[in-house]
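For chain A, the structure is supplied; the task is to place chain B on it using the hints.
Read top to bottom, the protein sequences are chains A and B. Our numbering applies: residue 1 is where the first sequence begins, and numbers increase by one. Our numbering applies: residue 71 is where the second sequence begins, and numbers increase by one.
Read the hints as simulated data drawn from the structure, not as lab findings. The reader is advised that the hints may include incorrect statements.
[Unchecked claim] To spell it out: a stretch of chain A is covered by chain B in this simulated footprint if at least three of its residues, at any positions, have a beta carbon under 8 Å from a beta carbon of chain B; those stretches are:
1) 5 to 13
2) 41 to 48
3) 51 to 62
Please read all numbers here as calculations on a predicted model, not as lab measurements. Just so it is clear, CB atoms sit at the ideal spot from N, CA and C, and this is done for glycine as well.
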Amino acid sequence: MNKWIWTVTAVILLVTLVLEFAFLGDYDSHWWNAIPAFYALWGLVGCAVMIYTAKWIAKNLLNRDVSYYD
Amino acid sequence: MIEILTIPGILFIAGALLLTLIPQKLRSPLFLLFPLLAFVIIWMRPDGYQVTTAFLDYELILMQTDSLSRVFGLIFSFIALGAGIYAYHLKDLGQQVNALAYAGGALGVTFAGDLLTLVIFWEVMAVTSTWLIWARRTPQTDAAGMRYLLYHILGGGLLFAGILWHLADTGSLAVVTLTQAYTPANVLMLLGVGVNAAAVPFHTWLADAYPKATITGSIFMSAFTTKTAVYVLIRMFPGWEILIWFGAVMTLYGVFYAVICKDIREILSYHIVSQVGYMIVAIGIGTEMALNGSTAHAFNNILYKTLMFMAAGAILYSVGSSKMSHLGGLHKKLRWVLLLYMVGAFSISGIPLFNGFVSKGLTISAAGYAGNETAMLVLLLASVGTWLSVGLKLPYFTWFNKQDYEGEVKPVPANMYIAMGITAAACLFFGVWPQALLGLMPFEESYNPFYLYHFVEVTQILLMTFVVFWLLKKKLAPELVTVLDIDWFFRKAAPSVRSLFVVKVDRFYDRTEEMILATTGRLAKAFENPMLWLNPFTDKKNQATSYSQAMEVGMSFILLTILVMLLWFFLI
Chain A
1 MNKWIWTVTA VILLVTLVLE FAFLGDYDSH WWNAIPAFYA LWGLVGCAVM
51 IYTAKWIAKN LLNRDVSYYD
Chain B
71 MIEILTIPGI LFIAGALLLT LIPQKLRSPL FLLFPLLAFV IIWMRPDGYQ
121 VTTAFLDYEL ILMQTDSLSR VFGLIFSFIA LGAGIYAYHL KDLGQQVNAL
171 AYAGGALGVT FAGDLLTLVI FWEVMAVTST WLIWARRTPQ TDAAGMRYLL
221 YHILGGGLLF AGILWHLADT GSLAVVTLTQ AYTPANVLML LGVGVNAAAV
271 PFHTWLADAY PKATITGSIF MSAFTTKTAV YVLIRMFPGW EILIWFGAVM
321 TLYGVFYAVI CKDIREILSY HIVSQVGYMI VAIGIGTEMA LNGSTAHAFN
371 NILYKTLMFM AAGAILYSVG SSKMSHLGGL HKKLRWVLLL YMVGAFSISG
421 IPLFNGFVSK GLTISAAGYA GNETAMLVLL LASVGTWLSV GLKLPYFTWF
471 NKQDYEGEVK PVPANMYIAM GITAAACLFF GVWPQALLGL MPFEESYNPF
521 YLYHFVEVTQ ILLMTFVVFW LLKKKLAPEL VTVLDIDWFF RKAAPSVRSL
571 FVVKVDRFYD RTEEMILATT GRLAKAFENP MLWLNPFTDK KNQATSYSQA
621 MEVGMSFILL TILVMLLWFF LI
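Next up, chain A with everything else stripped away, as it sits in the complex (with noise of 0.2 Å):
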């Protein structure tokens, strides 16, 4: 099961890799486009820091007892 989902993850990973370089090099209409993958570090990086940070404040700040309020 895992070994299926990395294959096919890298894959389609790759094809947009090959998209982007072979047919978008030429794009420049924001900043970040200089950024070779800029999406998919936007991606990575987006999810982790919102987990980890999620997940921070979720246990020092707002997880309560289920019957919090009752």
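Positioned in the frame of chain A, the structure of chain B alone reads:
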């Protein structure tokens, strides 16, 4: 008169009254008739169609049609039909009547040509939707419904105050586009609408009440209140820059909580805040393309968010819980619900060939064309959170994570599947054929979502989000918790405020009353017999029959004298 009954909002409310008069078996089929009728009527009304009536010195425009109100009217009546099918098995008159009237309120606001009509339908929505929370009849939902109602009374009050101020300033009640000026009237109206749009920090009513509403009630609620507010914002406040910031905060705040929360209906509720944020950012940008983006996104959101709420409701119906810690391993027993849910999840995450791909693309591109790169990046980050929270976390911990679900699984009624099937089909239809949707937009739109850059952008973001989720999914594992939000401040303050302004005041009145009664009692006792004070000859016991002998002789003598005098007077 007949023409007034063809106004969708009034038609629904009249229908709701009619439902109370007919036998139970006919109620569910008749319920469906009204959205169908409304859909046809709205489709047929030409631009500029008006129904007016006189009220006091004002001319009210009960219905006014243009391309913006039409597209909202069509989707509202469509989803009322879908939600009606979903609730077909329901035998609760109160819920059916209120759900229909609630949808009527939303349609009434959509077609209102003047602010008075608008605010009346606005309040109809507030009251009727509260019933859909109370209908669960538990102490928790009673309290949540009251908080919800109080919040909407506040919002409606702000809006109405703004409208009256606006009337005093301009002498006009017409629903028009307001130029950006922070006058008291405009600010009050904006705040009032902002409450219904669940703009942070006025969003807690949504996340508090929607997960607690009835299974079928939350379907209606997820579609109408916030989207009606979005409609009014597009109509009255396009291009108001402050909305960009409110919207941007909402997109991130909503997904952030959707990542934290552990109850599937709560996750979806917080996620509404995020989605409405997208629409509000676009309204703040205010270009024609952005307003189309906001409209298209509201339209699509009604479809896929309702679909997701339907699937979550089906789980709650079938398993009896919506808490992720009670779920997991349902992929064998509720496979079709998973499949239908994933259509919604793919749509909301903007996967190509699903409808969210079109409207999200349009909205984000509009931000780009307007030169607002910060807004673009915020929206892209929010779409990471969307995919993470409702596209990956929710389905993973509900249908997978365990080998098999061990508890009892009730079969899901066929009508629920049909309703989910229809909405899922609509999500796919508008995803594959976006021109059908873009043709309905308020402004002419030539946007084509199917281009290489868009495909690369979306695929890379979603793919890497998936990778990180897969590696870190244990961090999001279900727990049984209450997650605090801004409502903590007033929910915690409520007991002291109640004690200060209700209990203490009450007690003061009670004490005063007791004191007055006690004093009166004492005085009455003391002056029971005035003779005790007036006549020094009475005995201590002060009985009327036991005067002293001397007194009795004296009184007899007086009485005799009077009798003699009377005889003298009358006889002689």
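Taking 8 Å as the C-beta cutoff, is the stated coverage of the segment 51 to 62 of chain A by chain B satisfied by three or more residues?
It holds: at least three residues are needed, and the segment 51 to 62 of chain A offers 9 whose Cβ sits within less than 8 Å of chain B.
Per-stretch coverage check for the segment 41 to 48 of chain A, three Cβ contacts closer than 8 Å to chain B:
holds (count 7)
Are there at least three residues in the segment 5 to 13 of chain A whose beta carbon sits under 8 Å from a beta carbon of chain B?
Our answer is that it holds, as 4 residues pass the Cβ test (under 8 Å) against chain B, meeting three.
In the structure shown, no violation is registered for any of the earlier numbered hints.
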